[in-house]
Amino acid sequence: MNILKNTSLLLLMVISLSSCAWAKERSISEPEESQKQHIIDKTLSIELVDEYRGVLSEFLSKPESIDTLKEVGKLYFHIGVETHDRDAIKKAFNIFKKILKEEPDNAEIKAFMGSAYTVKARDFPMKWLALVTPLGYIRLYYVKKGIDMMDEAVKMDTMYPVTRITRGITCISLPGIFQQFKKGMDDLELLISWIENPSLNKEYSEIITDKYFMATMYYQAGETYFEKGEKEKALSLFKKVASINLDTPFGRAAKKMLNKITGKDEIYE
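Read left to right, the sequence shown gives residues -23 to -1, 1 to 246 (mature numbering (1 follows the signal peptide of the UniProt record, and there is no 0)).
In short, the hints are calculated from the structure, not lab data. Incorrect hints may appear among the rest.
Below, simulated DSS-like cross-link-like pairs (lysine-lysine); rule was C-alpha separation at most 30 Å, straight line [what the hints assert, rightly or not]:
| id | residue 1 | residue 2 |
| --- | --- | --- |
| 1 | Lys121 | Lys47 |
| 2 | Lys132 | Lys241 |
| 3 | Lys217 | Lys160 |
| 4 | Lys188 | Lys132 |
| 5 | Lys208 | Lys241 |
| 6 | Lys160 | Lys121 |
| 7 | Lys68 | Lys13 |
| 8 | Lys179 | Lys19 |
| 9 | Lys19 | Lys78 |
| 10 | Lys13 | Lys78 |
| 11 | Lys132 | Lys159 |
| 12 | Lys67 | Lys78 |
| 13 | Lys237 | Lys13 |
| 14 | Lys160 | Lys122 |
| 15 | Lys241 | Lys205 |
| 16 | Lys241 | Lys217 |
| 17 | Lys19 | Lys121 |
| 18 | Lys78 | Lys47 |
| 19 | Lys39 | Lys205 |
| 20 | Lys13 | Lys39 |
| 21 | Lys39 | Lys75 |
Working from the sequences, and respecting the hints, build out all of it.
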């Protein structure tokens, strides 16, 4: 498995994986501002999972078909991402694998499966053991495999918004040692340019003008800019989510973020 030639850098990556959970979990001893952010993140995650589980139950009650299976796999994936439920990710992974046997050129499912590989690395059991044994190299393989699959998916259809957002959000969430952050930001900024000028991507204008997609995209980018310390950009994007005026987890979270950034509680309630 030729992931890296430099052994010392490889070891550094193993250590990085063991110390990073890809998540925003915070200690209760952190400052009040961090705790406010944690509450917003946690509430968003809980609301998203409730929404995903509700939709999942509807799909599971339908007759099995390849299209239904795709949606079920994606829902298990999203639940696993938010809850760190390895069983949900395993179910998603197996579904994606089955679909790709039938449809090897399905870029969307390939991107989701690539992201699922990185989540398997994030939630690898007994991380402490992986740090001091060859198991750590398995985690690295998962990340490398996942990145490669997402890159392949984007190359298969460079204009498809779903593969872009899947790779973008995954890449900005990876530890910095993997040097994928810029790629992820490029994906998100490209998506924003399409949303704000749909003529740039006429083929998929229906997706990029969908209000739920727009709100999700603006929120994810806004949160990333906020974490980078670029509060003005974050503020602008959260305002755009609020202006879409959807009563969804991202819509409610955006209003809370606006209150947090402006320091004016309930102004956006």
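Now for the hints, and whether the structure bears them out:
Between lysine 121 and lysine 47 the alpha-carbon distance is near 24 Å, which keeps this suggested pair within the 30 Å criterion. Annotation: proposed proximity of lysine 132 to lysine 241 is violated, straight-line Cα distance about 44 Å (limit 30 Å). For the suggested pair lysine 217 and lysine 160, the alpha carbons sit about 23 Å apart, so the restraint of at most 30 Å is met. A C-alpha spacing of about 26 Å is found between lysine 188 and lysine 132, which places the hinted pair at or below 30 Å, so the restraint holds.
Our distance criterion of 30 Å between C-alpha atoms is met by lysine 208 and lysine 241, whose separation comes to about 15 Å. With a C-alpha separation of about 14 Å, the suggested pairing of lysine 160 with lysine 121 holds against the 30 Å cut-off. For the hint pairing lysine 68 with lysine 13, the CA-to-CA distance comes to about 33 Å; that exceeds 30 Å, so the pair is violated. Using a Cα cut-off of 30 Å, the hinted pair lysine 179 and lysine 19 is violated, with the two alpha carbons roughly 36 Å apart.
Among the hinted pairs, lysine 19 with lysine 78 is inconsistent with the structure: their alpha-carbon atoms are about 36 Å apart, more than 30 Å. Proposed proximity of lysine 13 and lysine 78 is contradicted: the alpha carbons are some 45 Å apart, above 30 Å. Proximity of lysine 132 to lysine 159 is assessed by CA-CA distance (about 17 Å); at most 30 Å being required, the pair is judged to hold. Note on lysine 67 and lysine 78: the hinted pairing holds, with a Cα-Cα distance of about 17 Å set against a maximum of 30 Å.
As the CA atoms of lysine 237 and lysine 13 are separated by approximately 8 Å, the hinted pair is consistent with the 30 Å bound. With a C-alpha separation of about 16 Å, the suggested pair lysine 160 and lysine 122 falls inside the 30 Å cut-off, and the hint holds. Taking the CA atoms of lysine 241 and lysine 205, the gap is about 22 Å. The hint holds against a cut of 30 Å. Between lysine 241 and lysine 217 the CA atoms are separated by roughly 18 Å; this keeps the pair inside 30 Å, and the hint holds.
Restraint check: the Cα-Cα separation between lysine 19 and lysine 121 comes to about 29 Å, which is no more than 30 Å; the hinted pair holds. Distance restraint check for lysine 78 and lysine 47: the Cα-Cα separation of roughly 13 Å lies within the 30 Å cut-off, and the hinted pair is therefore satisfied. The suggested pairing of lysine 39 with lysine 205 is violated, with an alpha-carbon distance near 43 Å, which exceeds 30 Å. Of the supplied pair hints, the one linking lysine 13 and lysine 39 is violated, its CA atoms being roughly 40 Å apart against a limit of 30 Å.
Restraint check: the Cα-Cα separation between lysine 39 and lysine 75 comes to about 19 Å, which is no more than 30 Å; the hinted pair holds.
In summary, the numbered hints that this structure violates are 2, 7, 8, 9, 10, 19, 20.
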